[in-house]
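J.: In case you want the letters, here they are:
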Amino acid sequence: MKIIIKFILKNMYEKKLRTFLILFSIILSSALFFAAQAITDNVVDMFLTDSKQFYGNADIMVFPETNSPSENLKTSRLDFMSGKSEYVIGALRTRALYKRSSDESVSVAVRGTTIEEMNIMCPFYVVGGSDIDSFSGRKIVIGKTSAEKYGIKIGDQVKLEIGGKVYRFLVCAIAQPDGYFAESSTTMNVVVPKSALSSIYGRTDVNNIIFIGLKDGVDVKQSIEEIKSGYRGYSVEEPVPVEDARASVESMSVGFMMMTIVVAFMSLFIIYTSFKVITLERMPIIGTFRSVGATKRTTNLVLLGESLAYGIIGGALGCALGLGVLYLITLFITPNFSAGYVIKLIYTPSQMAAAFGLAVGLSVISSVLPIRKISKIPVKEIVLNAIEKKNRKKTARYIGGLILLVLSFILPPISPKQLAYVLDTASMMSSIIGLIMLLPLLVTGFVKLFEKIYTVLFGNVGAIAAKNLRENKSILNNISILAISISTLIMITTISDSALKEVASFFTRSARFDVWLIKPGADRSTEQSLLAIDGIQQVCGSLESNPVEIIGTDYKLSYVNGIDTSKYPSFYELNMDGDKEALLRSLDNERSIILTSIFRKKAGFNIGDNITLKLDRGNFTYKVIGFQDSILNGGGFGLISDKYFKADTGIQTYNEIYIKTDKSPDTVIGEIKNKYRGEPFDVITMKDLEEQNYAANASIFRSMEAFAYLAMIIGIFGIINNYVVSFIERKRSLAMYRSIGMSRGQIVGMMIAESATCGIIGGSMGVIAGLMMVYTIPYVMEAMDFTMPILLNPSVLIVSFLLGAVITLVASLSPIKKTSRMNLIEALKYE
Amino acid sequence: MSAIIESIDLHKTYTMGRVEVEVLKDININIEKGEFVSIMGPSGSGKSTLLYLIGGLDKPTSGTIRINGREMSNMKDEEESRLRRQEIGFIFQFYNLIPNLNVEENIMLPVLLDGKKLKDYKKALDEILDIVGLSDRRRHTPRELSGGQQQRVAIARALINKPEIILADEPIGNLDTRTGMEVMKLLSDINREKGKTIIQVTHSKESAGYGQRIINVRDGKVSEAV
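Respectively, the protein sequence lines represent chains A and B.
Counting from 1, position 293 in the first sequence corresponds to residue 293 in our numbering; the numbering is continuous, with no gaps.
Heads up, our numbering is the position in the second sequence plus 831, with the first residue counted as 1.
Simulated from the structure, these hints should not be mistaken for laboratory data.
To be clear about the criterion: a stretch of chain A counts as covered by chain B if any three or more of its residues have a C-beta under 8 Å from a C-beta of chain B, and this derived list gives those stretches:
1) 447-461
2) 467-481
3) 741-748
Where a beta carbon is used, it is the ideal one built from N, C-alpha and C, also for glycine.
The shape of chain A in the complex, shown without the other chains:
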């Protein structure tokens, strides 16, 4: 056994380039697979961490709205929860401005609580100062990030403007930048004694927020319903809807997983071709083993042992690299508002085991066919190295390839909805597999064409170069690799460009306003006061509900918008069929709703259907009267009249206000900021919002594109390996060319023409396969309940095609150099 293992490891060590190629393919595949599995948990954690800054580990929070009966919340109403809750803590929260100088201030979120209660809700660690045992009076705890950013030290006095008055607080401790103090936004989070904040408000024992931590196993949704009954007119909600966050991240994870499948497919192909060479090389050794009594099974096991070794080493290294890839992807897609988030790398042992299993499986499965093939060769032929090469007819292969190609065209439009995702993805793969199966036939056709063109362009040497490509396995492999990598690149670039363009153009196409304002508690009076600002022309408030269940279905709308039908169309372009004005009138006349086309495809609703929405004041039936084209929130929202919205939800305040300006939006924003200084609000120009949206989406898609480039890097190494193998196999032929009078220049010219032709054919095949994949994209998208116009950028096709030619040319440089320096006698004389 020891000898066999030594033999296997020595084989791997001797062929360094090939070992590197196989391991590289396996490592990348398993690393990407690991990262694609774990990315959902990590992104969800990122959102949770971001939210935990404000809500800690609470499961439910209760807070007043503008029209709530009182600003003050009594915790005593929650006594009935004592058996179900770990804690019920009332606290005070407010917004303040940290006055750094007369003209510079920073937004501050102030939490008024006790250290004990803070440690229950949002545990924190002090890294500087220790005067928190007597946490009373005008004292303040700040986070390390802000302390360093603004040069605040223990013992400093910090000036906070609260409700228009400035108060001084003594810095008594600096906290570790975690949890509440993670401060991933531009807002500074601070804790002050609850009594101090209460006294500022001139009252004692007041709370404007209650945090409830439930015991393990207590149902959150049910508890919310129970608490609501005691707090009518107040907001009772989950701080972070984990399921919603998970659902929105999962579609992104599907994208990463699809790219992983492509990379794994590429690796499968490369390991398979490498093992074909390995088994051929091992023939004499297998012959020796067999001649001394080894059975077929033994020799097969030795070869399988080699592939298993690649799988184990690749899997172990792949899992390690996977952690790095996971870190990078999370880092890439961390939005700006979470820039301070410390990536934790969340994964489960089963995810790592699956990645390791993929590595081993990939290696073993890829090697089984070549090993099986060699085991069928008679011992005598192996020992004498006289293996008859059977010139098998490829008719079955061509028919199979053709069937796969036809299927890839026919299946997507006809596949049933339940199976659409699986069948459409399979069609995508079958288009490329079908093309690879047809390659020998297609290459023969190409070669005939090139023979004629090259004879005219480069003379007879060009014609010889074209002839040399016939039935050349290395060339066929290179073309296959190029086809896979180029088509993948075209596919992901097209998806990415289309999605980003759609996102970028959505606001330009649909939004007809300049500034977007979010201000809690905003109402008609806010609209009026905004109109008083110089430069603001028109305003339109938008009412927005919490997530809405559609009773009797599994579907949920992320929110319902209550719109003022007289104003809304001049602020938002409604892309929908039918008489828009009549439809908007209908919204006011009866309980009716306009959904999105995406939601229509997802839920299968039609015009005239009645749907029952679970709103704050009960269940109400709305009639579906139209569908608009909108990608906003993944199409998961509906428009209803503000009249019915207010009646059915009780919500009277605007979630957001759209503003039209007749001055520069930036100037107007400056004015708004001045007006609402010290109050919580968020304001952004549409241009900035568009850029933010683009950047957030771009980082996700660029990460997916990185997967395609990784597949291409594997491909480049595969092509280099094929050229090296091809050079070894062709050494004798190349020396023969020299012997019959081919000059060095002619040899170099011939090899360049060969690789350029390979690149041109590979590039063309890649473009064809890419186009076939692009054909399937809308169907796959539809299966994922997402539709968007697919924009095929011709420059992507041209660049991909040229990339193919450049890759093959660069990969062929080393063999060309070796050819011009090779020992002719050695190459010609010895077998």
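Fit chain B to the given chain A structure using the hints.
T.: Just chain B now, with coordinates in the frame of chain A:
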């Protein structure tokens, strides 16, 4: 008769690792036009090296080789390659045919490399295929031919550009006796009827018997036998 090939004070040294091995020492030979010369000697004696030096596939360490009065050491790669295309034909022990080209295409390679038009050589191709007896195999690929047939293709390829010199490195070393003798008879006929100068490297006395002169190489030195 005039010497078509001359070697003057020819030396060839190889470096193997740190050791320098003198493969050929002070070789002076003349080969006349139309001669059929066999180079014999034990393995490793330097006979193949001598043949490849004559064919310009390797460079001597010192000394001179003249082909038709032209000194090869002064030739650049382009000129040397043209010489191999037009004035020298090579035949190898392992045929060295291109597996994915058919018989016709393999034969016509030197013509193609010389930048000539294939249609101008159609008649010459028919004639050569007739000489080597492969007219009915012209569309076959090498893997569809026997060893003897493959060597005949190699001979046809060596003849297609009508070179004056044929250099053959153990042309029957990979063939059975009967096929080998058939190939030797073909080479002998070509020498006699076409007046080609043939130099072959061989281990076989029987094969050497087809030539008019034998050059023995032993330990890098030559001695002649008639």
